[in-house]
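J.: Keeping their order, the protein sequence lines are chains A and B. Residue numbering for the first sequence follows the numbering used here, beginning at 5 and increasing consecutively. Residue numbering for the second sequence follows the numbering used here, beginning at 18 and increasing consecutively.
These aren't lab readings, by the way, just hints derived from the structure by calculation. Idealized CB from N, CA, C, for every residue including glycine. Mixed in with the good hints, there may be bad ones.
With a cut-off of at most 25 Å between alpha-carbon atoms, the simulated DMTMM-like pairs for lysine to aspartate or glutamate come out as follows [unchecked claim]: (1) B/Lys178 - B/Asp252; (2) B/Lys191 - A/Glu75; (3) B/Lys191 - A/Asp82.
So the derived list for chain B, only partly shown, Cβ under 7 Å to chain A, looks like this [as the list claims (entries may be wrong)]: (4) Ala157; (5) His158; (6) Asn159; (7) Gln306; (8) Gly313.
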Amino acid sequence: MATGAQAWTEEFVEAAGVSLQMVKGGSGAPLLVLHGELGHQGWLRCHDSLAQDYTLHIPSHPGFGATERQEWIMNMRDLAGWYLEAIDDLGLQGANIMGFSLGGWLAAEMATMSPDTFNKLVLVSPAGIRPPEGEIYDMFLAVAKEFLTAGFYDTASAPEFLDVCPDEVSPELAEAWDIAREEACRLSWRPYMHYLALPNLLHRLKRLPTQIIWGRNDEIVPVSASQVFNDSIPGSRLTIFDNCGHNPHIEKTDEFLTTVKTFLSS
Amino acid sequence: MFIGYFTERPYQDPKSGYFGATGKPIMDLDVSNDIYDAQLGANLYNRYLDEKIYAEEMGFDGLMLNEHHSTPFCMGGAMNVEASILARITQRAKIVLLGNIIPIWDDPLWLVEQLAMIDMISRGRLVSGWVRGTGRESVAHNVEPHYNWERFKEAHELIVKAWTTPGPFRWEGKHYHFRHVNPWVRPYQKPHPPIWLPGVVSRDSLMWAAEQRIPYIMLATEMEPTKQAFQLYHDTAADLGYESGPQNIGYLWKVHVDETEELAEQAGRKYVQGPSNPFLAGNEGTTNQALLQLPGLTSRRRVLPTQSVATAARGGSAGPGGVLSRPYEQQIEDYTIICGTPKTVIPKIRHVLETIRPGSIFFWDGDGAMTHDDAMRSLRLMGQEVIPAVREIAAELDLPGPFEVDPATGQPYVADPPSPVPAGAVGDGGDS
Chain A
5 MATGAQAWTE EFVEAAGVSL QMVKGGSGAP LLVLHGELGH QGWLRCHDSL
55 AQDYTLHIPS HPGFGATERQ EWIMNMRDLA GWYLEAIDDL GLQGANIMGF
105 SLGGWLAAEM ATMSPDTFNK LVLVSPAGIR PPEGEIYDMF LAVAKEFLTA
155 GFYDTASAPE FLDVCPDEVS PELAEAWDIA REEACRLSWR PYMHYLALPN
205 LLHRLKRLPT QIIWGRNDEI VPVSASQVFN DSIPGSRLTI FDNCGHNPHI
255 EKTDEFLTTV KTFLSS
Chain B
18 MFIGYFTERP YQDPKSGYFG ATGKPIMDLD VSNDIYDAQL GANLYNRYLD
68 EKIYAEEMGF DGLMLNEHHS TPFCMGGAMN VEASILARIT QRAKIVLLGN
118 IIPIWDDPLW LVEQLAMIDM ISRGRLVSGW VRGTGRESVA HNVEPHYNWE
168 RFKEAHELIV KAWTTPGPFR WEGKHYHFRH VNPWVRPYQK PHPPIWLPGV
218 VSRDSLMWAA EQRIPYIMLA TEMEPTKQAF QLYHDTAADL GYESGPQNIG
268 YLWKVHVDET EELAEQAGRK YVQGPSNPFL AGNEGTTNQA LLQLPGLTSR
318 RRVLPTQSVA TAARGGSAGP GGVLSRPYEQ QIEDYTIICG TPKTVIPKIR
368 HVLETIRPGS IFFWDGDGAM THDDAMRSLR LMGQEVIPAV REIAAELDLP
418 GPFEVDPATG QPYVADPPSP VPAGAVGDGG DS
């Protein structure tokens, strides 16, 4: 959450025929940040820190937040195809891209379609691959708070947990979660949160520097999937944090920032 | 007046109290089938079929079945199997399916074939019906809840076309794709079996039924909001330029008749016992909050007045804590349970008919923890005393059923409708 002067702005920008809700902050080379299945989590400490070196672009995907749903988008590859044009329109070709969970899956799909669009790719606990061990947590058989809570190894020691999952949920936040869940459902209901061909397609990322980040104790997307990502993307690097769940950017913020900054500046 | 008989066919465990209101609480999708007892299941399936045969003997016009999945409160997961058996072992009554959960099947052509075969074997006694299903059903057969309504409408169009249009033809829709539609069975009834729509919640489906001139059956809702919902149907019909009447609307509610008032109360209280059932007020079980919030299943802003009292099984708020439970006494008071001897039951049924003015009614009996004996006593007394009295009341109140007056036109059928159902008694007559 913002401390002191607000470090970010929010606006609507036209891209690929859609009025896209966009949070923007920082200075430096562009870093496109793709949120996960419950939408943009708010401006967190990790954003503040990255904004010192990069200009963060955090859109709400169509159907999330205040960006209008596009009925024709029926799956993740439809969304990825739309996003590539949006990136053209926003002049973000050549940007670094970082995706969280469902947003990581989205980033991976886009990269398979057009690896040259991006400078570097960061995947944080991405969905998209059927884990060889364990199952992806079924977010539609849980309410939003249960799902969020399951995404942490230890909610008590994650100071920003209550920012993303407050004890008292405002009607606005509850509505935002409902909206996000519906779009996530549209993108990922069946097969749930993965695409069988993705591991094969990821080979195309051989010239795109890729950093994969995971929590060893991820209850949402089991850590076994990290190995498949890493094996499928030639030259990728994999960093796994111990005592960490599905939200390493919140639960292991310092280690997360070190990993991301080292990778992006290398 | 069309009079039908219904039970939801609960998986009752006679080692009573294993689960349900009298035992371990049930939350939807939270009971493992590890406890399923094959002997018990076999006995119950046969019991419920026996009761249907007896219901026909006792003079019911319709034997109604329904379908749910992955739950002990309804054993009719493959309802069409039960219907197929009834097609052969009964002689006269309509087999009323309320309904097939059409959006959850990826292959609606299989329904086209099954239902046409039931219509064939029963020589035209099938009354089809469609439902959208609850979150439970979308999860159990893993179909996109957000496309439930779109799939419903597309499956309906495909099924009706496959029943009525000579094949082969292609179907390239949004949700269904078939390169060769040419089923080698066509319905006995022409142009196709009637289609009815049961419901409790969705304004969209009620108005859709009115647009299609399809009879709409309200399921166990309270009288006043039911009346309001039917008014919406009649108003929609008027806007569309036709006059709907009793033949367009039906009402299902709990009626149990017994030999004495004491026996009636003992049996009637069993409605709120047995396996928890989100549709049985007083015994709904524990609400599964995630199922209530299954994304996109029912438009959050398009529910009927009955929704808040009907069921917690589908989207929307069920009030504080999701509790809808109404005690037995209250249900007796508001007529959603009518139970007693024929002498006390008949005037109460009259009150319901006067208030709601349906052309079709279904007595929901033999449910909850009721035994076979409870069900059979009631069926006998219904046949001997209640059904004849209700027919007289319906005639006096001028409540024609959908086989007396055509729901699509509002015109009486000429002469006695032969059995099977005359051509034209169809549900999709929106363009006729």
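J.: Each hint needs a verdict: does it hold in this structure or not?
T.: Structure-based check of each hint:
1. A distance of roughly 28 Å separates the Cα atoms of B/Lys178 and B/Asp252; the hinted pair therefore is violated under the 25 Å criterion.
2. A distance of roughly 12 Å separates the Cα atoms of B/Lys191 and A/Glu75; the hinted pair therefore holds under the 25 Å criterion.
3. As the CA atoms of B/Lys191 and A/Asp82 are separated by approximately 15 Å, the hinted pair is consistent with the 25 Å bound.
4. Because the smallest distance between the Cβ of B/Ala157 and any Cβ of chain A comes to about 11 Å, over 7 Å, the interface hint for this residue is violated.
5. For B/His158, the interface hint is violated, the least distance from its beta-carbon to any beta-carbon of chain A being 11 Å, above 7 Å.
6. With a least beta-carbon distance of about 6 Å to chain A, the hint placing B/Asn159 at the interface is held under the 7 Å criterion.
7. Taking 7 Å as the C-beta cut-off, the interface hint given for B/Gln306 holds, the closest approach to chain A being about 5 Å.
8. For B/Gly313, the shortest C-beta to C-beta distance to chain A is roughly 5 Å, which falls under 7 Å, so the interface hint holds.
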